[in-house]
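**Student:** Next come the chains, spelled out residue by residue.
There are 2 protein chains.
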Amino acid sequence: MRFVVKVGMGMRADPGGATAAGSPPDIDGIRRAAARIAPYIRRTPVLRCRGIDEITGARLFFKCENFQTVGAFKFRGAVNAVFSLEQDEIDRGVATHSSGNHAAALTRAAALRKGRTTVVMPENASAAKRAAVLHYGGDIVPCAPDQHSREQALARIVAEKGCVPIPPFDDYRVIAGQGTAALELLAQAKGLDAVLVPVGGGGLLSGSAIAVSGVSPGTRVFGAEPAAVDDAYRSLRAGCILPVKTTDTIADGLRTTVGELTFPIIQAQVSGILCVEEHEIIAAMRLVWERMKILIEPSAAVPLAAVIRESGTFRGQRVGVILSGGNVDLDALPWK
Amino acid sequence: MRFVVKVGMGMRADPGGATAAGSPPDIDGIRRAAARIAPYIRRTPVLRCRGIDEITGARLFFKCENFQTVGAFKFRGAVNAVFSLEQDEIDRGVATHSSGNHAAALTRAAALRKGRTTVVMPENASAAKRAAVLHYGGDIVPCAPDQHSREQALARIVAEKGCVPIPPFDDYRVIAGQGTAALELLAQAKGLDAVLVPVGGGGLLSGSAIAVSGVSPGTRVFGAEPAAVDDAYRSLRAGCILPVKTTDTIADGLRTTVGELTFPIIQAQVSGILCVEEHEIIAAMRLVWERMKILIEPSAAVPLAAVIRESGTFRGQRVGVILSGGNVDLDALPWK
Numbered sequence: 001m002r003f004v005v006k007v008g009m010g011m012r013a014d015p016g017g018a019t020a021a022g023s024p025p026d027i028d029g030i031r032r033a034a035a036r037i038a039p040y041i042r043r044t045p046v047l048r049c050r051g052i053d054e055i056t057g058a059r060l061f062f063k064c065e066n067f068q069t070v071g072a073f074k075f076r077g078a079v080n081a082v083f084s085l086e087q088d089e090i091d092r093g094v095a096t097h098s099s100g101n102h103a104a105a106l107t108r109a110a111a112l113r114k115g116r117t118t119v120v121m122p123e124n125a126s127a128a129k130r131a132a133v134l135h136y137g138g139d140i141v142p143c144a145p146d147q148h149s150r151e152q153a154l155a156r157i158v159a160e161k162g163c164v165p166i167p168p169f170d171d172y173r174v175i176a177g178q179g180t181a182a183l184e185l186l187a188q189a190k191g192l193d194a195v196l197v198p199v200g201g202g203g204l205l206s207g208s209a210i211a212v213s214g215v216s217p218g219t220r221v222f223g224a225e226p227a228a229v230d231d232a233y234r235s236l237r238a239g240c241i242l243p244v245k246t247t248d249t250i251a252d253g254l255r256t257t258v259g260e261l262t263f264p265i266i267q268a269q270v271s272g273i274l275c276v277e278e279h280e281i282i283a284a285m286r287l288v289w290e291r292m293k294i295l296i297e298p299s300a301a302v303p304l305a306a307v308i309r310e311s312g313t314f315r316g317q318r319v320g321v322i323l324s325g326g327n328v329d330l331d332a333l334p335w336k
Numbered sequence: 001m002r003f004v005v006k007v008g009m010g011m012r013a014d015p016g017g018a019t020a021a022g023s024p025p026d027i028d029g030i031r032r033a034a035a036r037i038a039p040y041i042r043r044t045p046v047l048r049c050r051g052i053d054e055i056t057g058a059r060l061f062f063k064c065e066n067f068q069t070v071g072a073f074k075f076r077g078a079v080n081a082v083f084s085l086e087q088d089e090i091d092r093g094v095a096t097h098s099s100g101n102h103a104a105a106l107t108r109a110a111a112l113r114k115g116r117t118t119v120v121m122p123e124n125a126s127a128a129k130r131a132a133v134l135h136y137g138g139d140i141v142p143c144a145p146d147q148h149s150r151e152q153a154l155a156r157i158v159a160e161k162g163c164v165p166i167p168p169f170d171d172y173r174v175i176a177g178q179g180t181a182a183l184e185l186l187a188q189a190k191g192l193d194a195v196l197v198p199v200g201g202g203g204l205l206s207g208s209a210i211a212v213s214g215v216s217p218g219t220r221v222f223g224a225e226p227a228a229v230d231d232a233y234r235s236l237r238a239g240c241i242l243p244v245k246t247t248d249t250i251a252d253g254l255r256t257t258v259g260e261l262t263f264p265i266i267q268a269q270v271s272g273i274l275c276v277e278e279h280e281i282i283a284a285m286r287l288v289w290e291r292m293k294i295l296i297e298p299s300a301a302v303p304l305a306a307v308i309r310e311s312g313t314f315r316g317q318r319v320g321v322i323l324s325g326g327n328v329d330l331d332a333l334p335w336k
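Protein sequences, first through last, are from chains A and B.
Read in our numbering, the first sequence has 120 at position 120, and its numbers run on one by one without any break.
Read in our numbering, the second sequence has 305 at position 305, and its numbers run on one by one without any break.
Just so you know, these hints were derived from the structure itself, not from any lab.
Just so it is clear, CB atoms sit at the ideal spot from N, CA and C, and this is done for glycine as well.
Possibly wrong hints are sitting among the right ones.
Unchecked claim - Residues from chain B that face chain A, not an exhaustive set, calculated with beta carbons under 10 Å:
no., residue
1, Y40
2, N66
3, G71
4, L85
5, R286
6, M292
7, L295
8, G325
9, G326
10, N327
11, V328
12, L330
13, D331
14, L333
Input sequences plus hints: build the corresponding full structure.
**Tutor:** Structure below.
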């Protein structure tokens, strides 16, 4: 387990960016997002598990975003973004590139306002992910499975169809929406010493950090990521964004590099990034399935893997863990 | 799907049997059991799922006994039985023969009163089931994997050690305890048209029928069982207990024949038995995993499989479904 000392306290805001849509949210922005999305999202439960408490020596409070609509916290940010748009923007439709939960979340969210969604999706995306987008009525535009092709295809759709792009994490509306999960958690579980959150692009982590520091400044916030894609860890050490070197992790939601908007927030407000090995992720995932009888996806198991690995750090503490999602391919389980 | 017309309304009680411990419980008996076990059991949630409602055309209320202590409703009956014993009986220890959830449930329940549990277990019982009993501090006595050997081994232990036998279902204390799940369900979901319950030995079904007829006489109760082990279906038609011809079903909790004490209650109070095929059980189990993000074991999927198969019967109705347990071997999933 590696801790990162905070390398910079200054918030580097970039409100002028094409996808920024304003300035970084503060706690009031998270609260406004919570009010905006409340009619549409689920207030997910916080579960406890005596058996896992005994194993970790901590008192864990699991925020079950695997029970969120579309099976992941991503629905929060998507709904907040969609309901921040003007009607004429909805009429033009929204678009994104994603091979994961954001695509389904955005499609489902836009449908709430009868808006169309176009998703640029790599040709090798899983059938389950394609099916989820189609199930919610989205249009899929296939592209080559590399970042450049994805961005190019999205730019073309935005230019040709006039769609409004909604990025998966580097967007202040999305960040504010994701922060509402931690806001709820703090209301459901009092006196937390720490909150652990998986970090991929950093939308959930940055939003959580804003929510926690605003409501409970004594509670530390940690990101947790696979050691194989430790871009957040390395970036925090370096003081600048260092991209992922590989996407070779089972935690398919965490293969992206932290974003230009999320990184400064993480720099300013997160206590550290904890890295875990692949076998630890799989073991933590299986532990939750067996002991709690709930399905979580590999990305959601990363924070618990960090608590288990660094049990000395969290022993006796009240620790919130955001179970970020439950979308897993039942035909390709990691312990097969 | 096959319905059975009720073949007899008379209650055939057998309070004198060695395992009877009194007379059949009525609704007050279920209520007393609920009060007795309340400090120890979990009041499990009732979950809904829009996606599965759309598939079935019914409004389903899932009573999540997969979240019960030891991962199955069996804990309710075991706790009620254990807390019905005198202290000198506890001091002698309890015993049972079981290769399933009852063994772990009884061991855990007896431990609440610092009582020892001895479990006669066939040599071919799964490692997971053995581990659960050992985890809760029980003693395992291996035997040959047939009914006669199991009963003989248990009788020897009872004779030699003076242990009190607690059967898995054919026991009025156990039946009363199992009935508390439906009692809770009726308080959590009002105005149910029907309640569906898996049937193996019939402890859960008979207890549920007593609870439902006592609290909500207009609500029909159905048992659901695999067509491969349709002893309850055939027994109701014949008017007498007809044993299972095979145990060849994935629903490992339902391989037993209905009991001498449970059968008359089922005869008197259950509206029918619904039978489903193996592939329907597997599909229903997977549907719950995928849509609800919760783990249920094959036996728990049998009632939902019946609702799906007989969607015409339940269309538009409010249907309670008892998800009886969540103990499943993750290394041997049926869709592998």
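**Student:** Each hint: holds or not?
**Tutor:** Results of checking the hints against the structure:
1. Y40: At about 13 Å, which exceeds the 10 Å cut-off, the nearest Cβ of chain A leaves the hint on B:Y40 violated.
2. N66: holds (5 Å)
3. G71: holds (6 Å)
4. L85: violated (25 Å)
5. R286: The hint holds - B:R286 has a Cβ within 10 Å of chain A, the shortest such distance being about 6 Å.
6. M292: holds (8 Å)
7. L295: With Cβ-Cβ at 4 Å, under 10 Å, it holds.
8. G325: holds (9 Å)
9. G326: Because about 4 Å separates B:G326 from the closest Cβ in chain A, which is inside the 10 Å limit, the hint holds.
10. N327: holds (8 Å)
11. V328: Holds: closest Cβ of chain A sits about 9 Å from B:V328, inside 10 Å.
12. L330: holds (6 Å)
13. D331: holds (7 Å)
14. L333: holds (7 Å)
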